[in-house]
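From these two lone chains plus the hints, build me the complex, please.
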Amino acid sequence: MSTIIKAINISKVYHKSTVPVHAVNNLSLNIEEGEFTAIVGPSGCGKTTLLNILGGLDQPTEGKVEVDGTDISSMKDSELIDFRLRNIGFVFQAYNLIPVLTARENVEFIMLLQKRNKKERHDRAMELLESMDIADKANSKPSQLSGGQQQRVAVARALASKPRFILADEPTANLDSSSTNNLLDLMAKMNEEQKATFIFSTHDQRVMDKARRIVTLEDGAIVSDVKR
Amino acid sequence: MYTTLAWRNIWRNKRRSLITILSITFAVLLACVMRSMQLGSYGRMIENSVRFYTGYIQIHKDGYWNDKVIDNSFVYDPEKLSEVNQLKGVQTFVPRLESFALSSFKNQTKGALIMGVDPEREDELTRVKSKVVTGRYLKPGDEGILVSQGLANYLKVSVGDTVVLLGQGYRGANAAGLFPVRGIVKFAMPQQNNQLVYMDLAKAQWFYAADQLITSVALVIDDPDDAPKITRQVEEIFSGGSYEVMDWKELVPDLVQSIELDNISGKVMLWILYLVIGFGMFGTYLMMTAERQYEFGVMISVGMKRLQLQTIVLLEITFMTSIGVLVGIMLSLPALTYFHFNPIYFGAEAAKAIEKFGVEAVYAFSLDPVIFTNQAYAIFIMAIVLAGYPIWSIHKMRPVESMRP
Ligand SMILES: Nc1ncnc2c1ncn2[C@@H]1O[C@H](COP(=O)(O)OP(=O)(O)O)[C@@H](O)[C@H]1O
Ligand SMILES: [Mg+2]
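First to last, the protein sequences are chains A and B. Residue 1 is where the first sequence starts when you use our numbering, and the numbers rise one by one after that. Residue 229 is where the second sequence starts when you use our numbering, and the numbers rise one by one after that.
In isolation and in its complexed conformation, chain B is listed as follows (with noise of 0.2 Å):
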């Protein structure tokens, strides 16, 4: 009988209930696509500038990250890798020499990042190979480098022409030399596309005069979330020299706060959202609450208990927001089951505009089921609160008062 009576009541004022139930459903699309949006872009960021890039685990000669210069190198030792390599979770280790050079063709200049790297351990890390847009890919043992887009375009070099390298080594030698231009890259992240070098480990370790020496091993593990276990792991392995082992969160502190930030800005609009719909949702509990003062009278005075009354408001409460969330889920879950697996790229000229900004153009959308869940915990909490008016009105009420005319 509750249900019957809580149906048939919602249905008795349909516009007003239709109203409260589609903009609740108005509000859970919204937040989802943005909270999707967002969550999504802050996956993409992470991914590119951490799964591809600084890998989620990294070992330094102590003080390298503060001070990354050559002379804080440490000798590559494969052997005391293996062992890291044995722990759970860890799929393989990546060693690189980096440092910086200026790289020139014919009369362009600009500064560029080397990389020196296993080419084929860099590739399980940064899936460097399926980057190359022209050329071909390092091979082990490699003479030549590949230059990435923005970088090769400034220089205009394309494969096969000659790039000067010039620089300093290890503990002040002189570094320079020419290096023919195997392939061009191309990354998403545009710090990385105007910049980056990549070079075999060995000619690099000749190129700085750095023999057997590496500035960092990156690791690659199967589940971020075990970075901080795995992390003190390696330190354990590490202890007896001076290194640092940093985590992802260690190694893109800036990336990490702006999604913090981000993030904070995004749930402030949330919740503006939600304050709109709830001041909605309070006026609709208002009004049946106020409507039905008579018949509520009516219907304590024939011997209704007052908990059997505010369960049957209770039901309606729950069955418009029930209704409201559930729409809004499934409305929004195949467009964004779409656009997760579909990500909307930016044509040309804003994809340039947007990376300035050191963005990746493309809007990337995630599938966490947080997103969903949030959403519904929030409108559900929020019904339940405002409910109380209603709950409040009737157990206070009294049928003399409610049934004067």
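Here chain A stands alone, though its shape is the one from the complex (with noise of 0.2 Å):
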């Protein structure tokens, strides 16, 4: 197995107020291909934070990040809209679905992104929602489907652009427990079925059990580190 996320000595540092927040502090982590990673910890510890920084969507006060030996930390805003494009599937919170877009649009629209011919586009997405099990709403606005259900076409979504890691930042903090479940079993399974890489943060101790790896930070630094 190769290690595809390797952050090195990095540190967020807030300004906002009188006192620094150290969001992150002095934290380093490596995440190899095929992992199934939960980061948890309490609101407030810095998993956000973390997740932003791994997925180049926010810059490290200090240390750097590589993905696959290229330092992203020093890229360009343009460069990473286009690093993240290639590279790395998103799943946020919530309301991640364009609202205009049905559920397959909204999943070719990554692969539009990345210029993939029509049929190739259309394949994968009804491919993926059928391995989400979301595939009878194909034709349905995000508006019409449940918290779940959303959430299960963004993780579609996420896969579809065939990226390096996929980043879930508290994919279930909206949903019963239930969904909770359901979600988590099927990205397992596209874990197991399509060597997809997870890290996803959460609180929720249910959701915890179902990760292969459990990396918990504590004030912005990492207090264990447990394979499964």
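Hints may be right or wrong, so weigh each one.
[Unchecked claim] Listing some non-contacts, in silico: residues in chain B with all C-beta distances to chain A over 10 Å:
no., residue
1, K457
2, Q461
3, D490
4, N491
5, L514
6, E523
7, G531
8, W620
[Unchecked claim] Short, incomplete list of chain B residues facing chain A, as computed with Cβ under 8 Å:
no., residue
9, R240
10, Q521
11, Y522
12, V530
13, M558
[To be verified] EDC-like, lysine to aspartate or glutamate: derived pairs with alpha carbons at most 16 Å apart:
no., chain 1, residue 1, chain 2, residue 2
14, B, K533, A, D77
15, A, K16, B, E629
16, B, K533, A, E79
17, A, K162, A, D82
18, B, K533, A, D82
Derived from the structure by calculation, the hints contain no laboratory data. Bear in mind that the values here come from a model prediction, so they are computed numbers and not experimental data. We put the beta carbon where it would ideally sit given N, CA and C, even for glycine.
This is how it looks when you write it as structure tokens:
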């Protein structure tokens, strides 16, 4: 197994208030290909900040992040956008989908940005919606889907671009327990079947239990890192 | 994909988009009607006082225009004028001997402007034959006169009556005569309608003891835009003696100036209208940017280029603007076309009041394409400028910030 992400001594300090906030504090972390990793910890421990830095949405104040050996911490904005499009899938807590596009169009959208041809787009979108057990809602708009269904479409979209890894920041935070279980099971299945590398954050014990590696944060630093 | 996304985005908030589109439609409609009426009335004013009265170019003895007395007349030379007639764009020339006289009938007396004219040529310029409302038009060598309607009403004369004219002739000679009224003519412009008297040129020369003399030659030309060019050529032909050749802008400077003033006030009104509509448009752009911050954040996070997102927003704005402008023009065009060919005349009462101000009592409408293209340009330029806000906002937005709950 090869290492995809190497975060080396990264820190993120916010100076918004009188006391500087160390959202991420001198943290180092490696993510291997095919892992199914949960970043856990109480609210405010720095999960979102860490994922944003790993995904090239935010820059660390110190340290650097390498993805497949490329330093993304020094990239320009436009380079980063292109890098994210080609290498990283994103699932956010909620409202992931473009409201005016149907489920299938939302999945195709990312491939369109990658300039894939129409047939490939359509076939892969349907295939992924099938795998995520939501193909019957392919032509529904996000507003017609439940929270759990929306998140399944969002995972399908994240996978559509064939990314090197997928970042999901608290993807189940707004879901009830059965939708949560369902989404995690499907993500685990995609991890198995498609060898997709997932990194997701949560503060929910049941979600943690599904992970095969659990990285626990406290005040922006790793306090435990367990592989199962 | 851009167009699909843009089109669907417009209809996300149907009410707001419709209000925006309708406000543009309304502005374009109002602006087109306003401008059409203004340009139409200017055209009509120019037609009435230039096309049907002074002509687009006039030749006088030097100094006549500043001192319009019969002593400033010159010898009518048809040969030299036929040379002018040869110039490209010149249809014909119209000689006139113009001066004032007192007109009286029974115990009514009023000042009159006497126009000694060649009846055939005069009709080519002023179409005066068609303005005869009772009686008949002048014949060549006619002994009688045509009286304008307003003057005839004042003097209480009708066809067949004989009017006394009294004035001062060439070089102080007495001018007096009795003239039978052949016809009554009606002019649109009140200044003309209240004082004009038409007479055959030879008769006028006799009346004013101004044998062979005329005070002006008006030229009928094909295209008013050629007036300055033809003026220069005519000046060359008449360069030998002391003559003045003037184009219509010099002939009716008051009219030109009042049109220009009115035009400016019209444009100020337009700008106020656009300012109001512009605020509405900007409000919409502001809201459609603000309420989609999170969505924009997601799109840029997953790999959409800022330029692509800006293109979509610009397309949305372009769609809304185009629909608004097109509908506005489509609504105004048939109405204005109708009124262009069927001008609105005021009722008799209102007409009287309006004509007191020296204006013809009619709403004329112009169909000059500039009216429509200018509104379209103005709205589009405004939309593009205002679109700068969402464009800039997308340029500087940071997805992490805009997606924070
Ligand atoms: N933009 C910011 N400005 C100031 N402080 C921030 C900002 N983003 C996050 N923080 C602070 O950084 C810490 C970590 O936040 P976050 O990464 O969102 O934690 P989590 O996702 O685990 O709840 C918190 O104390 C939070 O208040
Ligand atoms: Mg968080």
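Do the hints match the structure? See the list:
{"no.": "1", "hint": "K457", "in the structure": "holds (57 Å)"}
{"no.": "2", "hint": "Q461", "in the structure": "holds (64 Å)"}
{"no.": "3", "hint": "D490", "in the structure": "holds (48 Å)"}
{"no.": "4", "hint": "N491", "in the structure": "holds (46 Å)"}
{"no.": "5", "hint": "L514", "in the structure": "holds (19 Å)"}
{"no.": "6", "hint": "E523", "in the structure": "violated (7 Å)"}
{"no.": "7", "hint": "G531", "in the structure": "violated (3 Å)"}
{"no.": "8", "hint": "W620", "in the structure": "holds (15 Å)"}
{"no.": "9", "hint": "R240", "in the structure": "holds (6 Å)"}
{"no.": "10", "hint": "Q521", "in the structure": "violated (11 Å)"}
{"no.": "11", "hint": "Y522", "in the structure": "holds (6 Å)"}
{"no.": "12", "hint": "V530", "in the structure": "holds (5 Å)"}
{"no.": "13", "hint": "M558", "in the structure": "violated (28 Å)"}
{"no.": "14", "hint": "B:K533 x A:D77", "in the structure": "holds (10 Å)"}
{"no.": "15", "hint": "A:K16 x B:E629", "in the structure": "holds (13 Å)"}
{"no.": "16", "hint": "B:K533 x A:E79", "in the structure": "holds (10 Å)"}
{"no.": "17", "hint": "A:K162 x A:D82", "in the structure": "holds (14 Å)"}
{"no.": "18", "hint": "B:K533 x A:D82", "in the structure": "holds (8 Å)"}
Going through the hint list in order, the structure does not satisfy hints 6, 7, 10, 13.
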